[in-house]
Amino acid sequence: MAKIRLWIDHREMEVEEESTVLEAARRAGIDIPTLCYLKDLNAPAACRVCLVQVEGKPTMDASCVLPVSEGMRVRTNTPEVLAARKEMIELLLSDHPFECLTCERNLNCELQRLAKRYGIRDIFIEGSRNHFPIDDLSPSVVREPDKCIRCRRCLAICEYYQAVGIYRMVERSFNAIVGPAYNGSLMETPCIYCGQCITVCPTGALHEQDSTARVWEALRDPHLHVVVQTAPSIRSSIGEEFGYPVGTPVAGQMIAALRRLGFDRVFDDCFGADVTVMEEATELIERLERGGPFPQFTSCCPSWVRFCELFYPEYTKNLSEVKSPQQIFGALAKTYYAREAGIDPARIFVVSIMPCVSKKYELLRPEMSDSGYRDVDAELTTREFAQMLFQAGIDLRKLPEEEFDDPLGSASGAGIIFGSTGGVMEAALRTAYEWVTGEELKDVEFPQVRSDKYKDAEIEMGDLRLKVAVARGTGEARRLIEALKKGQKEYHFVEVMACPAGCVGGGGQPIYIETDDWNEQVAHRSRRSGGLYRLDRQAEHRRSHKNPAVIKLYRDFLGRPGSEKAHRLLHTGYLSRRLYSPEPLPKKEHKQKVPL
Amino acid sequence: MDYDSLREAGSIIGSGGLIVMDEDSCMVDLARFYLDFNQDESCGKCTPCRIGSKRMLELLQKITAGRGEEQDLAILERLARLMQRGSLCGLGRTAPNPLLSTLRLFREEYRAHVNEKRCPAGSCRNLDRLQGGPEEGSRGEDKTVD
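Residue numbers (this note's numbering), protein chains in the order written: chain A, 1 to 596; chain B, 1 to 146.
Chain A with its partners taken away, still in its complex shape (with noise of 0.2 Å):
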């Protein structure tokens, strides 16, 4: 590849051909601040603040976007240069309400960051506000706004990484906004809940619905018994808030947490995810028994669920009717567990900590009660947590160790990779396999189908060899959907999550702005998996079918997987949806149980 000589800042360097001038900058150290600019996602060369001087020239350019050229001699760092950046920020600041004392990126905000670095102390003009109203009509996600810095990251990940393209520039001019069409609601679009436009939102424009005060007042209730779950990949991400190296397992800490707060179980979403294992590897042997539809995708993610339901209803016989983890286990505390503790189910308040939003939607989807009550009562994303722990004083670092409450809160090692992407697949082959062959893995690990890229692959299981591929991402789902319907691709068994790198990457994941480049964000995210790798490594039991609860659950309470009971409470069924239209959530007669 050609180099191109050129200097910055009268330093001399050589660059490959294709390189812009930041990031010719940043290899030599000298940083400059980007705002709009999200590498290999987002360079809209937008919000001005990377501007530099090239000399010879009597305009500045965005050096995210600007390429480097021979002998060309770029400045960074003049008075003009940071003067220019400076009221670069001011204008935008003379566009954006002052709230931060009360927003919810309070002090990771990267607009707030800028203007700490700049030093702004005063705008140097001041007018007219732009007032839009809030969106808090979906139940994931909420829209101001007002805090918008027409940066386009949300546009930019649902267009090009999740190929949902919801978010478009409305109007123009001092109006000109980023969102939905007509700059309507959420509710009014096929949003898929995702979340990840909140998780590169550099301010506050965007973030989840919040439900701390749900909680706090059913804790406060006297009269509730208020059990919580904990997903997968959370006992790998809160530490993050407390300090912890990224994707370090902090589980014990975790639990002793929860019971601080004043939980009165505090159980493991691993056990649910290990009965969705079993219940959807049985119904992968019958599709195999049955000769299809093949393939099976798995049903755990709600987003990618909605995303089928929205953009491919022919393939939601394809989807496995088992719940997710967060509603299963949800059914089987207000009946299961109820029964054990001899509870009143009415009494009982299911918690839910994911690291996502779309959970909040899913949990309200009205099929979603087939305890009799509503599954799963309220849902708190990793960040959520956080800030109840903050505000409880609780310092996860200060803790001990603590274990989950039976009977709900013993998980596999297959329960806890959940959170990973790849994590489910793995885990169902791994019981699968078993039942399939009726021999014993003797290693249980299938790395073949671990990478935070897209993967296939064939399993041998005795006779059958097993195709499989996994998935991240719907825009990853949607080509391989595609390949599908044209012949190119055929498997038998398709996990698909809807974030990078999985639930670990997930849209209720603590807020990560330490980096621009969209690569670097998913590796700050997979790390997050090492953790969950690591804790199944030291697991007990590897397997879901030998999870001691797992299989106490079958034998008291639901017969064996895919039993008349396991489908009345574990099962549920799909829609088909209309891209645009005002959707209530859809009505309980509406539901459908797909007959395999």
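By construction, these hints were calculated from the structure, which means they are not laboratory data. Take the hints with a grain of salt, since some may be wrong.
Cβ-to-Cβ under 7 Å is the rule here; a few derived chain B residues that face chain A [what the hints assert, rightly or not]: (1) Q39; (2) D40; (3) C43; (4) G44; (5) C46; (6) T47; (7) I51; (8) G52; (9) K54; (10) R55; (11) E58; (12) G86.
Backbone N, C-alpha and C define an ideal beta-carbon position, used for all residues, glycine too.
Add chain B to chain A, keeping to what the hints say.
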């Protein structure tokens, strides 16, 4: 008249139109008119054009309405420079030109508006033509251009 001679005179050929004005045309209001147009035409993508042009227009509206303050001219120049140097496209980069050339060539008219609350051309409503009584004039009526 060609590209080069117009460039020498500090202008551009644009769409080839020519506007003839006399002393009844207010140069501040002219700048306001063009800013209004350019602000409206901004696509709203980049910060300097989206917000900068709006702020410049607001300042010019303030000045032509007789509420101009001493520091406003300096702020206008600052915004104009920022837009010229930092905008993404030609629209934002040239939008401040009418302001900058009228400010360069007719600074006295700006000063009259800001310091004396007087519109020498008599076209700005709310402002006196001379230091005497108020006279008819309309800000909304753009007699300077077709």
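Verification of the hints:
Because the closest C-beta pair between Q39 of chain B and chain A is about 6 Å apart, less than 7 Å, the hint holds. The beta carbon of D40 of chain B comes within 6 Å of a beta carbon in chain A, closer than 7 Å, and the hint placing it at the interface holds. The beta carbon of C43 of chain B comes within 5 Å of a beta carbon in chain A, closer than 7 Å, and the hint placing it at the interface holds. The interface hint given for G44 of chain B is met, as the beta carbon of that residue sits about 3 Å from the closest beta carbon of chain A, less than 7 Å.
Restraint check, C46 of chain B versus chain A: the minimum CB separation of about 5 Å is within 7 Å; hint holds. At a threshold of 7 Å, the smallest CB-CB gap from T47 of chain B to chain A is about 5 Å, leaving the interface hint in force. Contact between I51 of chain B and chain A, as hinted, is supported at the beta carbon level, the nearest pair being about 4 Å apart and thus within 7 Å. For the restraint placing G52 of chain B at the interface with chain A, the shortest Cβ-Cβ distance is roughly 6 Å, inside the 7 Å limit, so the hint holds.
For the restraint placing K54 of chain B at the interface with chain A, the shortest Cβ-Cβ distance is roughly 4 Å, inside the 7 Å limit, so the hint holds. Look at R55 of chain B: its Cβ gets to within about 5 Å of chain A, closer than 7 Å, so that hint holds up. Checking E58 of chain B against chain A: minimum C-beta separation of about 5 Å stays under 7 Å; hint holds. Residue-level restraint check for G86 of chain B holds (minimum Cβ-Cβ distance to chain A is 5 Å; threshold 7 Å).
The structure meets every hint from the earlier list without exception.
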